[in-house]
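Q: All chains, full assembly: derive it from the sequences and hints.
Read top to bottom, the protein sequences are chains A and B.
Heads up: the first sequence runs through residues 253 to 562, numbered per this note's numbering.
Heads up: the second sequence runs through residues 1054 to 1431, numbered per this note's numbering.
In case anyone wonders, no lab produced these hints; they're calculated from the structure.
Check each hint, because a few of them may be wrong.
Unchecked claim - Across the chosen pairs, the derived CB separations fall in these ranges:
hint, chain 1, residue 1, chain 2, residue 2, range
1, A, Y398, B, Q1241, 26 to 36 Å
2, A, S310, B, S1194, 52 to 62 Å
3, B, R1174, A, K556, 45 to 55 Å
4, B, D1112, A, S310, 52 to 62 Å
5, A, K392, B, D1115, 19 to 29 Å
6, B, Y1072, A, V408, 31 to 41 Å
7, A, P486, B, D1112, 25 to 35 Å
8, A, L380, B, H1237, 48 to 58 Å
9, B, D1112, A, Y398, 25 to 35 Å
10, A, I312, B, N1230, 35 to 45 Å
For glycine and all other residues, C-beta sits at the position ideal for the given N, C-alpha and C.
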Amino acid sequence: MSTSPKVKSAAVAAKLKKQPKKMRLEPSRLVEAPKGTPGPYKLPKNQMFQDHRKFGFSNIMLVLVIAFLFMPLFVVVTYSFNASRGMRWTGFSLEWYYKLFFDSKELWRAFANSFVIAITSSIVATFLGSLSAIGIKWYKFKSRSYIQVVSFLPMVLPEVIIGISMLIFFTAVKIPLGMFSIFVAHTTFNLPFVFLLVSARLEEFDFSVIEAARDLGATERQTLMKVIVPSIMPGVMSGLLMAITMSLEDFVITFFVSGPGSTTLPLYVYSMIRYGVSPVINALSLVLILGIMLLALGFRRFLKTIAASS
Amino acid sequence: MGKRLKGFDVTVKDVSRAYGNFKALDDVSIEIRKGEFFSLLGPSGCGKTTLLRIIAGFDSPDNGVVLLDGKDILPLPPDKRQVNTVFQSYALFPHLSVYENVAFPLRLRKVPAGKLDAKVRDYLHLVQLDNHMDKKPSMLSGGQKQRVAIARALINEPSVLLLDEPLSALDAKLRQNLLVELDHLHDQIGITFIYVTHDQSEALSVSDRIAVMNQGKVLQIGTPYEIYESPATDFVARFIGETNLFPAVVKQCDPYEDYYMTTLDIPALGTEIKVTDYDNLAVGQHVSFTVRPEKLKITGHQPTRVGKDINLFRGIVEEPIYSGFQSKYYVSLENGTVIKVIQQHANYMDEGPDIDWKDQVFVSWSAEDGYIVEVVDS
Ligand SMILES: Nc1ncnc2c1ncn2[C@@H]1O[C@H](COP(=O)(O)OP(=O)(O)OP(=O)(O)O)[C@@H](O)[C@H]1O
Ligand SMILES: [Mg+2]
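A: Below, the structure written as structure tokens:
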């Protein structure tokens, strides 16, 4: 098979000029490249990676955006240490902090209301929202896509409209306005957000792990508890956090459905402002900012330990 | 020998599965022996995964039975079958480390801590992942994920391991290495492997036996050798390796002292060819004739001695494809039919192959090297 007689076309014969067997490297190939030719590992200047330390357009934008976001907070925090009311700096003082902590019973009651509603409504919303996300992903039924669309309605409707319709609803079915009505309202508007976040998490959930768990000997219950729940937990947790935040900060809807004795923090702050901005609110802002930062950090740590231990 | 008996035999009998009007499995029957490395081979969509899922318990057939060690397993849920699966997508638990993924089946069975740890380490060692125990699946390479999936499926000591194209996501080189590792593993633990693939070279190189499937049907079951050399149908011949395949009519059957010589009339080649060694062909019968490209010889000159058992054709090289260890030529015969020839380059070639584009060549093969695939009833 190897050395068949050389009966070849002229073209082939010409192409296969005899060459010595071993020496195939032509010396000319190894000669240095002419001067000025870029070396193999050096990219031309204009293709080199951009130097990010440079004071470029993107960095200026970054600084501006951050300034725009945080300037108001900075101003509020600064004025919380102002010795007098107005916008003129008259000296450093902790007076407003003293007032905030020892002379603002109403404010702290509102704070407690907000807190209770945020926790309860977000837990219920997270529970229902997660289950509905799982259910809609799992079971394929006809009305599925309608439910998905309808569930986004509360998110796109203006809050005022939701607030008014809830008010009408509560009066129609004779539910007294108060903590309970606020709780129901917050649960309702939080639900679609949790639903959305958990659904997104489920989208990247690889369903074959369910079969894998069953295959490895897990019962349906064990599969749910040991595989499905832990892997969608990050989605559920971010849903919960989102719900807490939105419940804490909601003003418009709460405004419509609150009753006597159920003033939440945003409502209370708004009512205070009607009589002029009190520096107590400035002080409250700093306390809230610090508190939330601590909470967020603590929560991250908590999530990390969960992830590590499971 | 003894360790080969650890696995169970699997019998699939008359199994059919339809999705609507579409028959994903059409009356499939396969008997897989204890400890065998058995491959299901077929093109995409032929029903391999469907069959595997029925054996694992994730799907149930419309009719038919599946026996594991002689016992009907169709009524059992997946977690009660002594079968474990390595999934096509690995299906590792994303929230668990490599160690915990492998420990998962043991934790379910509440194996005591000391025993669990020892066993998990054993199996991680088996698949050479000792150094990656604490990583999350997302940090692993494709080959490592696949090995975690194997260790996890093996740790329950199943009697049958199902592997659904476990290597399809990997590059060619790694695939070869892992295939060899899988083969070693199979020899080491001696359980039954049912290996699904659409890659014929994978199946040929490691299987004890192969079932070739197409469109929900099993076309042939046999050893790699049988499947390659004696394909049962046109489809098998074309799907496994490369081949030249022509419809033919039996023209003449001549018995000699110790063999039969059959003359076939092949319209595509415009002439007759000879093939041995069939004693059961009737004159006038329609058949499919095939000859593998590597069995053809290609020369630039007319062979000097041509025996009566040599089929010889003259042609022009239309397309030479050089790939280092061999060259493939598409040779256009005088009547225009193109035939594939593979030439192994066993010796050092100073000047490259001596056959080039548009060269005139002679293609020949011995009557012994041809094969009649199937009788086509007309
Ligand atoms: N749940 C289903 N509904 C409808 N058709 C299905 C379903 N599952 C599989 N099929 C069809 O059955 C056929 C066989 O599918 P199967 O997954 O067994 O193919 P396969 O041989 O494993 O292919 P591949 O090599 O691509 O994995 C395909 O044509 C597929 O479209
Ligand atoms: Mg498949």
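Q: Next, verify each hint and record whether it holds.
A: Evaluated hints:
| no. | hint | in the structure |
| --- | --- | --- |
| 1 | A:Y398 / B:Q1241: 26 to 36 Å | violated, 55 Å |
| 2 | A:S310 / B:S1194: 52 to 62 Å | violated, 34 Å |
| 3 | B:R1174 / A:K556: 45 to 55 Å | violated, 26 Å |
| 4 | B:D1112 / A:S310: 52 to 62 Å | holds, 53 Å |
| 5 | A:K392 / B:D1115: 19 to 29 Å | holds, 21 Å |
| 6 | B:Y1072 / A:V408: 31 to 41 Å | holds, 38 Å |
| 7 | A:P486 / B:D1112: 25 to 35 Å | holds, 31 Å |
| 8 | A:L380 / B:H1237: 48 to 58 Å | holds, 52 Å |
| 9 | B:D1112 / A:Y398: 25 to 35 Å | holds, 30 Å |
| 10 | A:I312 / B:N1230: 35 to 45 Å | violated, 52 Å |
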